[in-house]
Each structure stands twice: as C-alpha cells, then as structure tokens.
Amino acid sequence: MRIEYDAVRDLLYLWFGTPGQKAASTVTVTPGMHADFDAAGKLVGIEVLDASDVLGNRVMFEVELGRPQAQEAIGAS
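For the sequence shown, the positions run 1134 to 1210 when the working numbering is used.
No wet-lab data here; the hints were simulated from the structure.
Given the structure is predicted, the values throughout are model-derived calculations rather than measurements.
Check before you lean on any hint, since a few could be wrong.
Okay, the calculated beta carbon distance ranges per label pair [claimed, not checked]: (1) A1172 - A1140: 27 to 37 Å; (2) P1152 - L1182: 12 to 22 Å; (3) A1140 - A1173: 12 to 22 Å; (4) T1163 - D1139: 15 to 25 Å; (5) I1136 - F1170: 13 to 23 Å; (6) F1149 - L1188: 24 to 34 Å; (7) G1174 - V1141: 24 to 34 Å; (8) A1140 - G1174: 14 to 24 Å; (9) V1141 - A1173: 30 to 40 Å; (10) I1179 - A1140: 16 to 26 Å; (11) I1136 - T1163: 17 to 27 Å; (12) T1161 - D1139: 16 to 26 Å.
Heads up, the beta-carbon is just placed ideally off N, CA and C, and yes, glycines get one too.
Could you put the whole structure together from the sequences, leaning on the hints where they help?
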C-alpha cells in the first residue's frame, strides 16, 4: 500500500494496487471520496478530495509500506 498527499490539490490517495495503475471503474463512496477498481473488480485505490477538511491537519506525509525483510537465523553457521 502507498499513501500520497498532494498539498496543492488537497488530495489524498491510497494505492492498494500498483501506483499509477489505471482504474477501469470508479464508485463514489460519499461526496468527495471515490473508490477505484480494476477490470477484474479489485479495489486499486481510494481518493479523498478536500482531504484536510476530512482529516484535519493530520495529512502531511507520504508513507510507503513494504514487506518486512527476513532476518537471518541467530547462530546459523
């Protein structure tokens, strides 16, 4: 998952698919919040318009989460 915030447009986007992936369809969840789906109907992202109004001052970052790296076995030779 990747979270992006565009301060100029006050737009928050949560990517569940590959960032930049095109949506085949979009559903309005509530006014100002849209869910994007791929051709197979899988959720690829959520867009929040006027994000600072919805979330207040808490939207001021970009986070990229990845899988944790496997740790080497302790004491392995």
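Evaluated hints:
no. : hint                      : verdict
1   : A1172 - A1140: 27 to 37 Å : holds (32 Å)
2   : P1152 - L1182: 12 to 22 Å : holds (19 Å)
3   : A1140 - A1173: 12 to 22 Å : violated (33 Å)
4   : T1163 - D1139: 15 to 25 Å : holds (20 Å)
5   : I1136 - F1170: 13 to 23 Å : holds (19 Å)
6   : F1149 - L1188: 24 to 34 Å : violated (18 Å)
7   : G1174 - V1141: 24 to 34 Å : holds (32 Å)
8   : A1140 - G1174: 14 to 24 Å : violated (32 Å)
9   : V1141 - A1173: 30 to 40 Å : holds (32 Å)
10  : I1179 - A1140: 16 to 26 Å : holds (18 Å)
11  : I1136 - T1163: 17 to 27 Å : holds (19 Å)
12  : T1161 - D1139: 16 to 26 Å : holds (19 Å)
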